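Chains as they are written, first to last, in the working numbering: chain H, 1 to 307; chain F, 1 to 212.
Please note that a few of the clues may not be correct.
With the Cβ distance kept under 8 angstroms, some of the chain H side facing chain F (calculated, not the full set) [unchecked claim]:
1) 25
2) 40
3) 41
4) 42
5) 150
6) 153
7) 304
Hints were generated in silico from the structure; no laboratory data involved.
No experiment lies behind these values; they were computed from the predicted model shown.
Using N, Cα and C, we set each Cβ at its ideal position, and we do this for glycine too.
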Amino acid sequence: MALSTRHLLGIKDLTAEDISLILQTAQQFKEVLQRPIKKVPSLRDITIVNLFFENSTRTRISFELAEKRLSADTINFTASGSSVSKGETLLDTVNNILSMKVDMVVMRHSASGAPHFLAKHIPAAIINAGDGINEHPTQALLDALSIMEQFGTLKGVRVAIIGDIMHSRVAQSNIYLLKKMGAEVIVCGPPTLIPKYMEEAFNVRVEYNLQKALEWCDVANVLRIQLERQNQVLFSSLREYNLVYGINRRLLESLPKKITIMHPGPINRGVELDSDVADSDQSIILQQVENGVAVRMAVLYLLSNRQ
Amino acid sequence: MVKCLISNLIIKHLTFFIKYIYTILPRKRIEYLLLCKFLGLKTLLNHQQINLTIKRLANQVLENHVQLHNTVIIGIQPRGIRLSDRIVAEVGNEINNKEIQYGKLDITFYRDDIRKEIHFPNQTDITFSIEGKNVVLIDDVLYTGRTIRAALDALMDFGRPEKVELLVLIDRRYSRQLPIQPDYTGKTIDSIVSQKVKVLWGEEGGDAVVLD
Chain H
1 MALSTRHLLG IKDLTAEDIS LILQTAQQFK EVLQRPIKKV PSLRDITIVN
51 LFFENSTRTR ISFELAEKRL SADTINFTAS GSSVSKGETL LDTVNNILSM
101 KVDMVVMRHS ASGAPHFLAK HIPAAIINAG DGINEHPTQA LLDALSIMEQ
151 FGTLKGVRVA IIGDIMHSRV AQSNIYLLKK MGAEVIVCGP PTLIPKYMEE
201 AFNVRVEYNL QKALEWCDVA NVLRIQLERQ NQVLFSSLRE YNLVYGINRR
251 LLESLPKKIT IMHPGPINRG VELDSDVADS DQSIILQQVE NGVAVRMAVL
301 YLLSNRQ
Chain F
1 MVKCLISNLI IKHLTFFIKY IYTILPRKRI EYLLLCKFLG LKTLLNHQQI
51 NLTIKRLANQ VLENHVQLHN TVIIGIQPRG IRLSDRIVAE VGNEINNKEI
101 QYGKLDITFY RDDIRKEIHF PNQTDITFSI EGKNVVLIDD VLYTGRTIRA
151 ALDALMDFGR PEKVELLVLI DRRYSRQLPI QPDYTGKTID SIVSQKVKVL
201 WGEEGGDAVV LD
């Protein structure tokens with residue numbers, strides 16, 4: 001048994017079997033993380049470089065921890081303070097690192113498709129840790145694991161993805177994954193933050209009314225407003241966004257059933273989520289982070305096999 | 001002559017096909033056993049012998065670990081579990097169903113051949129500490145000894161046991177690649193590398209060990 005791909009560039013390239021395999025393996029790694037000694041020697045002879053051309057807290061720490069729990073050797077690379085600022089190209093940078101005998105590359109880049117480009121030109125296995133507005137596959141996988149822990153399955157679970165769909169790689173990966181695994185998905189947000197051909201392209205329902213979306217769903221995956229990617233004014237103010245699309249306790253209490261709240265982090269408190277929701281027992285945001293390590297261990301483990 | 005060859009070929013493929021079908025259908029194990037007889041596979045232990053062997057092994061464990069005081073039993077995933085379930089049940093009968101500390105251990109992440117092949121993990125379920133305990137490790141067939149090597153490494157991550165013993169149903173003699181020997185053995189057999197020893201756990205009356 002093995003994955004159908006050599007790299008993890010996006011959920012788009014995975015089959016439903018691949019996704020189940022990763023999630024099942026992740027569940028076993030979760031058990032490893034409960035042990036007194038939370039470390040296994042699986043990747044003892046493998047060296048992994050974490051190439052982060054864009055800022056990150058959770059993903060980088062989570063990947064690094066996953067690598068260390070698997071006994072891999074790790075190198076951290078951040079764009080600032082490196083030769084990238086002297087004008088070295090991406091391919092040269094990576095080739096130089098690989099010539100020091102590195103086996104796997106975990107990469108985050110602000111340009112969509114950067115890991116796909118690398119995959120064509122270098123021999124190492126590449127794991128996409130977020131590329132521009134394209135995909136963030138490990139986030140989608142950990143979201144799926146968190147939903148599975150809550151509901152036992154993904155099939156038929158109703159997920160509403162709420163917020164800045166246009167600039168969100170998390171939304172795109174989540175939609176691909178949930179659709180492949182048989183969950184029902186709607187996207188919700190202001191019309192300016194939802195791409196025009198969403199329904200046709202992804203076969204998901206678009207709902208502009210937050211109340212209706214929340215009444216329909218079992219899980220609300222609330223996305224961060226990505227101000228750093230917005231180069232034009234798409235809504236008038238954060239306060240207005242919070243009034244119309246922010247989720248607060250009063251809104252949740254008006255719903256007929258208790259829904260689960262997820263957020264990929266970092267949270268803009270008081271914008272898309274109010275503190276009384278983010279810290280409530282309905283939110284599984286911290287479980288998501290915990291599952292992140294297990295999912296990334298599973299991905300690294302399953303992609304590590306190369307002759 | 002040609003006809004003869006072709007029919008031979010067909011029969012050969014058919015037997016492979018039938019054997020394959022029967023190995024993937026656990027309910028049909030009894031028929032598979034009849035088939036084994038028909039195809040000339042050697043039965044090493046039949047159902048009754050396996051029952052007796054398991055009883056003996058359970059009693060031997062109890063001989064060395066009175067009332068299982070400070071002793072835990074750990075089966076190795078996936079194939080050791082059927083045997084360890086039976087051993088635990090037998091031991092439980094003998095000591096009036098006193099609570100036995102019984103765990104399941106998966107060794108996938110500790111294998112030494114990850115560069116060659118990725119194996120799919122099974123569930124590990126050890127809810128107690130093995131610090132200072134006597135551990136009886138259980139697997140069905142002891143062959144190269146590499147699984148047990150991995151299991152010993154895995155075990156140490158759950159604490160430092162006082163002592164570890166190994167119980168196996170079948171010990172394939174002279175084929176060890178590591179210096180590992182069992183403490184309790186169901187049956188010792190001599191076999192060559194190309195042969196396969198299969199332990200079949202069927203329904204009622206369907207257990208057997210066969211040499212393929």
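Going through the hints against the structure:
no., hint, verdict
1, 25, "holds (6 angstroms)"
2, 40, "holds (4 angstroms)"
3, 41, "holds (6 angstroms)"
4, 42, "holds (5 angstroms)"
5, 150, "violated (20 angstroms)"
6, 153, "violated (18 angstroms)"
7, 304, "holds (7 angstroms)"
In this structure, the earlier hints numbered 5, 6 are contradicted, and the remaining ones agree with it.
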